[in-house]
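J.: As a plain string of letters, each chain reads:
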Amino acid sequence: MKLIIAYIQPDRLNSVKQELYKEEVYKISVTNAMGCGQQMGYTETYRGVEVEVNLLKKVRIEIAVNSSFVDKTIEAIIRGARSGEIGDGKIFVLPIEECIRIRSGEKGEGAIG
Amino acid sequence: MKLIIAYIQPDRLNSVKQELYKEEVYKISVTNAMGCGQQMGYTETYRGVEVEVNLLKKVRIEIAVNSSFVDKTIEAIIRGARSGEIGDGKIFVLPIEECIRIRSGEKGEGAIG
Amino acid sequence: MKLIIAYIQPDRLNSVKQELYKEEVYKISVTNAMGCGQQMGYTETYRGVEVEVNLLKKVRIEIAVNSSFVDKTIEAIIRGARSGEIGDGKIFVLPIEECIRIRSGEKGEGAIG
Amino acid sequence: MKKRLLLIAVLAVLLSPAMIFAEDVVDPSAASALDAIWLIVCGGLVFFMQAGFAMVEVGLTRAKNAGNIIMKNLMDFSVGALLYWAIGWGLMYGPNGNGFIGSGDFFLASGDHVNWFFQVVFAATAATIVSGAMAERTKFTSYLIYSVFISGVIYPISGHWIWGGGWLSELGFHDFAGSTVVHSVGGWAALMGAIILGPRVGKYVKKDGKITVKAILGHNLPLAALGVFILWFGWYGFNAGSTLGASYDGAALDMAKVAVTTTLAAALGAVFAMFTSWVMNHKPDVSMSLNGALAGLVGITAPCWVVSPGSAVIIGAVAGILVVLSVEFIDKVLHIDDPVGAVSVHGVCGVWGTLAVGIFGDLDLLGASSRGAQIGVQALGAASAFLWVAVTAGLLFLIVKKTVGLRVTEVEELRGLDIDEHGTESYSGFQIFQNV
Amino acid sequence: MKKRLLLIAVLAVLLSPAMIFAEDVVDPSAASALDAIWLIVCGGLVFFMQAGFAMVEVGLTRAKNAGNIIMKNLMDFSVGALLYWAIGWGLMYGPNGNGFIGSGDFFLASGDHVNWFFQVVFAATAATIVSGAMAERTKFTSYLIYSVFISGVIYPISGHWIWGGGWLSELGFHDFAGSTVVHSVGGWAALMGAIILGPRVGKYVKKDGKITVKAILGHNLPLAALGVFILWFGWYGFNAGSTLGASYDGAALDMAKVAVTTTLAAALGAVFAMFTSWVMNHKPDVSMSLNGALAGLVGITAPCWVVSPGSAVIIGAVAGILVVLSVEFIDKVLHIDDPVGAVSVHGVCGVWGTLAVGIFGDLDLLGASSRGAQIGVQALGAASAFLWVAVTAGLLFLIVKKTVGLRVTEVEELRGLDIDEHGTESYSGFQIFQNV
Amino acid sequence: MKKRLLLIAVLAVLLSPAMIFAEDVVDPSAASALDAIWLIVCGGLVFFMQAGFAMVEVGLTRAKNAGNIIMKNLMDFSVGALLYWAIGWGLMYGPNGNGFIGSGDFFLASGDHVNWFFQVVFAATAATIVSGAMAERTKFTSYLIYSVFISGVIYPISGHWIWGGGWLSELGFHDFAGSTVVHSVGGWAALMGAIILGPRVGKYVKKDGKITVKAILGHNLPLAALGVFILWFGWYGFNAGSTLGASYDGAALDMAKVAVTTTLAAALGAVFAMFTSWVMNHKPDVSMSLNGALAGLVGITAPCWVVSPGSAVIIGAVAGILVVLSVEFIDKVLHIDDPVGAVSVHGVCGVWGTLAVGIFGDLDLLGASSRGAQIGVQALGAASAFLWVAVTAGLLFLIVKKTVGLRVTEVEELRGLDIDEHGTESYSGFQIFQNV
Ligand SMILES: Nc1ncnc2c1ncn2[C@@H]1O[C@H](COP(=O)(O)OP(=O)(O)O)[C@@H](O)[C@H]1O
Ligand SMILES: Nc1ncnc2c1ncn2[C@@H]1O[C@H](COP(=O)(O)OP(=O)(O)O)[C@@H](O)[C@H]1O
Ligand SMILES: Nc1ncnc2c1ncn2[C@@H]1O[C@H](COP(=O)(O)OP(=O)(O)O)[C@@H](O)[C@H]1O
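Protein chains in written order, with my numbering: chain A, 29 to 141; chain B, 29 to 141; chain C, 29 to 141; chain D, 1195 to 1630; chain E, 1195 to 1630; chain F, 1195 to 1630.
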């Protein structure tokens, strides 16, 4: 079982969700994040003073999947999130050792989906 | 050392915290999240147009524990969070390779608690 | 590749960022979190009733780095975040199995930075 | 005062163009223009208090119920205006009254527009007070039903006793702008509502047989503060407008004096509520200080015309202390859950204001035989209003509870009334930490 | 009415100190004081409606555009006031008019301050209505250009026809406080703007040839509700102030009657919009109910003086139903994206109010020969205003589109206008979930 | 003007029922009613400006200090009203003055309610201005102490010089509604407070000996905008109400003219501040444009009655430019931290408005011998007010600093004053990104 963490542009969330649905990945968790990557931020002014905004708004997605799903999940995320511009985001894959469904107490691979 | 990530219903946070305290797990981190699982969301209307809300509000808990604590932590979370309904949430366990207390620089198992 | 997760005091974020820049760690992700550690919280009153605030506001940092960067990243975080007081925070290191840059599809160590 | 002038005005409309204002030095046409300007402007200000109530209640409750609170405030005014037009005004000021209840002039047949306009906003104020105490757990349909009865029946009848020429006014009871007529009536209805509804989930937690009181924090103090400033602003219309005219002899002095006593009482209410909360809880509490200003305003509402500025200072200060003690007592001892302190502000301080008429009032202006007698009458009036409202509003809420149901389910309450009652979110896009 | 009184007032200034008020029982000095107090206070209230519009629009759109909306509301008033002073007032009320367009008294040479002040806030209201319908995607510079023309030219000319003594007023067209002059004009300009701009990104999604309508939720219902209460409050100035004086014979009765009809129509608008949305979408919708109150207010604006309170109840109720149906029709059938419902509230209900004058109005007050004739004239007036605005505002927006451009880029729209147009964030520090 | 009329009014009360208004064509009873309506309504509007100040300050600072700002605004009014009743009014308008300081009529013994009410809201305005400049770092207790002295002593004394019949008014200094008396006095006290307090943590960062200026963003621009609209609305009371009566001969014309000049100056202030910020920083800044409207209002406050609408346009435009330059100068060059721009808006534009009286004023109305002389007197008045306030407020803040302490600790400042000073959070439940 793997935990896939992806940082994407906020406006790409809907298309990522749609691509995931096509691959029958229905379970995801989403949080707000601020990120700093190759995309360098921009400058605002407030009352005449420059404000450097180098932490940009991002959406962080977490998806726990069985190992056999990893590749197609990653591909779906890429299809949904890629615009070809700097700032498109990044995906990290981490190992999961155990997964438990709280409602039923079910464990392991069966509990993930 | 393990990192326990749990997604629970927001209104269960207090009872989860209480169950954790009983097991002498005092250190936790909590974030807001939006989640999509077996609980399929609901429909709102806004100005006559239907709004599909399929990302539901969840609370995400992170607890780093020594391996010997894993089971009782998981059980405490389940006790606090389970209502038997869809949407109760899920727990993931990930391996931690290192843990450092910033204040003292202390490392490893001793730093976790 | 490792995922470094750090919980720090909100007002330390800027100095942590500066220390990281000095070590040429430019890519980070930041989220809001509430945490409960050795710092026990405080008490507010609202309309004459005491409110226990034991979940304190924290900032959660995530940095994915190649293994060779782990130590200096951790040191930079400690330099930026340490005040010597309870509540300074904690760092966790997790293994990453794969990393993908969404824009280019690039994988592995080259995709991290 | 209110009653006498209003009766004159009503007569003026009914009998016009007879020479009602014979003793008046202002020429009649200018006089009616002066009165109309004054009452319409003041009535507009009192209307604006609806915005104040809405903001105070929204601010002192949780984000997940904000839309519901808005709807309650919008609808109690809207439904209330319709009902007060159809029957309320007739029951309160109808010419064929019997001292207990007025009758006639339903649907405003008399065309006495200027007085109706000024009175309808008072009726709406009484209705809207209840909304705050019942916030965050009341079924919306039930609230609509309640609104029909309070504006259509309950408020007008006790109003008739005092302002409509009824039995209390005959006894010499004085309530210039409505500490009892409006605020206590609203406050006691709020009390009955809060009791019959029960507290919000998580407010009083039983543990080993002991009840722990929990604070449920309001989500937007700036809006609550804005609401208080709006209410204070509107209160100049409420109190000063209650001269019910600007053209009678001495009106100018009355209006100005009322503005002054109102200002000082509100200011002192805020200051003393702040100090009281400071002493009791070691910090100057924001929402209590805001309540304090309102307490001072409610306290001065009845006596604003019959007391000196110096007495207003005392009345406000006492109201400020009282409101803090009352909020804590109702919460910590009685365990009645009133999220915004409506019972304390309007009910308790309304009684204080009513008694203050007797304690500090100018006996000549009151036409009272002795201070003791006046205090007695004032107490009688306050008690009668309490009984009337406790019984009728209590019955109303109990019947609604048994039939339609008064309260949303626990799941709906936890998820928030906005989603379940109105299918919406009030702060779409904002991340709101749900476990509060 | 408006026109007649205003002409008298203008004459009074031009010819003073001649004895204009000869038939008036109020002595002239008191009379001018009464009129000035009334018009300045009411004008102030109408000015305050700018705050109401700003809050409604901010509340019903997304957080990322809040600063831009504020700027549009601030600037259409500010630019509009300058233009209305320089030329608008002259084109509308200038003495050398020809029935189609006024002329003279540019830069307020006559010094008729009191009437100009009351009129400029109306001009600004017409201008600001458009802002809501074009929210969240319009280039700021283009909006500034638009503001110049609407306050300087488009509004004053159709205004001249009706209130400036022009051809429509000659025909007996009656619009007491501006259902057509102000609201329809604003509403139709809003309609043209929304059409020519096109919908917001993501509002109408084409999928397999079928268009799906998406809801884009407003981010702050409490502010929207506050805005509605402010507008309602200001509307007492808008309608009751449109007596244009407080000293003429019968003014007091007129002012009060207008306040009453305004109150009832607004209340019924809110109630019926709520029920309509309840029936259609199974829940009482908050923002629709708020729109309903405004719909009732717009509907009663033209007929407020010539109808009875009973008719006001009907007018408001119909407006409340109409606004919900219209919002859904414009959104779901016409696919025109009007984020706040400005076209439905001001355009559609403005026409309803204008026709209601004919349907419910007192024929004596109107000086009408027959009900049918009056309805005909009202319809003609509504249609003329529509044509005038559709053509001129349409042209204006098309020219701006071809030259400066009317719309921000898609990237700017997604990121929010606050950042790209003004380089700021409106809620710095708040976590806002971006994918909305 | 202000002074003359007020003296008449005071005499009227003291000597009544003597025939003060003998030359007046309005009959005395109607006259006093007109005056009372006007002053109470306008006073109410000026009171409402407190809400405006509170919202502007809350909006332009950070979420973690919102509750503290509310408390400061609520309490400077409340404490101020008490003090102004007890001694302030006596020092300012007391009959036994000596040109430098008034004396007598403490605790409003004269019963001149209508004038006191109108004056107390002005005193409170002066007091509240300071709050914004000292926001986000001042100890609450110290702020309470300050409030006592500004409303009780500092403001009344300089007020006496100008409006109380003191030496500046003797010299012919003219300040119709308080550019100097209220705004500059408040602005200079704000300046001294901001200097003595020092900047917020993180505002001016020293790096390699060079100071970098950082922006600390306001957290709620919609509330700030609402505040500006409320202030603008209230300003009609502030300026037009400063005729101090509605019944004297020519009052109607004066009131209306003031409303017009006020409108135009505010509008132009907003427009020119926007363009200035656009030119200087490449984007039309929202908060600067809001400040611009206020700058225009402050600028027109002194000359609103003696200048033409055309001059008002210029005065507003200059104020709009000035405020942007001044904000940047104070921030970037002087490194004085004024979070909301209070010093620039009220201090600098207050001086500009005072001088504008001399530059643009009608010499007949001013009773001035020559333009140069009048400009000289105006400059003298502005300078005297500056000196008076700089010395007294400076001393006051220094003494407080040495004794009670003026500033919270750095930890408290970082965590937010709401938690440490008041034990509460203003936006409970909202996720607020803390590192701002
Ligand atoms: N090494 C990293 N550690 C943590 N977060 C990262 C890392 N690299 C990228 N991110 C996150 O991903 C977001 C997108 O990064 P981006 O600038 O698009 O990367 P790239 O240009 O390499 O595609 C960043 O804003 C940040 O939140
Ligand atoms: N595979 C997964 N990956 C990421 N998050 C998940 C996954 N499964 C569940 N979650 C999170 O847990 C929450 C609760 O899921 P829920 O619908 O209760 O699951 P179940 O019905 O399996 O108990 C979801 O809203 C989501 O945030
Ligand atoms: N074991 C843990 N699991 C999850 N989060 C933790 C853990 N320990 C600490 N944290 C997070 O780190 C924050 C800082 O903890 P702190 O009280 O400073 O720890 P310490 O006193 O050990 O340095 C906490 O508020 C919490 O968010």
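No wet-lab data here; the hints were simulated from the structure. Hints may contain errors.
Stated by the list, open to error - If we take Cβ atoms under 7 Å as the criterion, some of the chain E residues that face chain D in the derived model are:
hint, residue
1, VAL1220
2, HIS1413
3, ALA1419
4, ALA1434
5, GLY1561
6, ARG1565
7, ALA1567
8, THR1597
Claimed, not checked - Think about it this way: if two alpha-carbon atoms lie no more than 16 Å apart in a straight line, the pair counts; the simulated EDC-like pairs of lysine to aspartate or glutamate are:
hint, chain 1, residue 1, chain 2, residue 2
9, C, LYS135, A, GLU103
10, E, LYS1408, B, GLU80
11, B, LYS55, B, GLU113
12, E, LYS1526, B, GLU78
13, E, LYS1477, D, GLU1606
14, E, LYS1477, B, GLU78
15, E, LYS1408, B, GLU137
16, F, LYS1526, A, GLU103
17, A, LYS135, B, GLU80
18, D, LYS1477, F, GLU1606
19, A, LYS85, E, GLU1606
As the list claims (entries may be wrong) - Which bits of chain F does chain D cover? Going by a derived footprint, with three or more residues having C-beta under 8 Å, they are:
hint, segment
20, 1299-1310
21, 1385-1399
Source: prediction; values computed, not measured. Backbone N, C-alpha and C fix where the C-beta goes; we use that ideal spot for every residue, glycine too.
J.: Run every hint past the structure and note whether it holds.
T.: Cross-check of the supplied hints:
1. VAL1220: At about 5 Å, which falls below the 7 Å cut-off, the nearest Cβ of chain D leaves the hint on VAL1220(E) intact, so it holds.
2. HIS1413: Cβ of HIS1413(E) sits 5 Å from chain D, so the hint holds.
3. ALA1419: Holds, about 4 Å.
4. ALA1434: With a minimum Cβ separation of about 6 Å from chain D (threshold 7 Å), the hint on ALA1434(E) holds.
5. GLY1561: violated (21 Å)
6. ARG1565: violated (22 Å)
7. ALA1567: violated (27 Å)
8. THR1597: Not OK, violated: THR1597(E) not within 7 Å of chain D, min 34 Å.
9. LYS135(C) to GLU103(A): holds (12 Å)
10. LYS1408(E) to GLU80(B): holds (9 Å)
11. LYS55(B) to GLU113(B): Distance ~27 Å between LYS55(B) and GLU113(B) Cα, so the pair is violated.
12. LYS1526(E) to GLU78(B): holds (11 Å)
13. LYS1477(E) to GLU1606(D): Status holds; Cα separation ~14 Å.
14. LYS1477(E) to GLU78(B): holds (12 Å)
15. LYS1408(E) to GLU137(B): Roughly 51 Å separates the two Cα atoms, so the pair is violated.
16. LYS1526(F) to GLU103(A): Answer violated: LYS1526(F) to GLU103(A) is near 51 Å, above 16 Å.
17. LYS135(A) to GLU80(B): violated (31 Å)
18. LYS1477(D) to GLU1606(F): Within the cut-off at roughly 14 Å; holds.
19. LYS85(A) to GLU1606(E): holds (15 Å)
20. 1299-1310: It holds: at least three residues are needed, and the segment 1299-1310 of chain F offers 6 whose Cβ sits within less than 8 Å of chain D.
21. 1385-1399: Our answer is that it is violated, as 0 residues pass the Cβ test (under 8 Å) against chain D, missing three.
Against the hints set out earlier in the document, violations occur for numbers 5, 6, 7, 8, 11, 15, 16, 17, 21.
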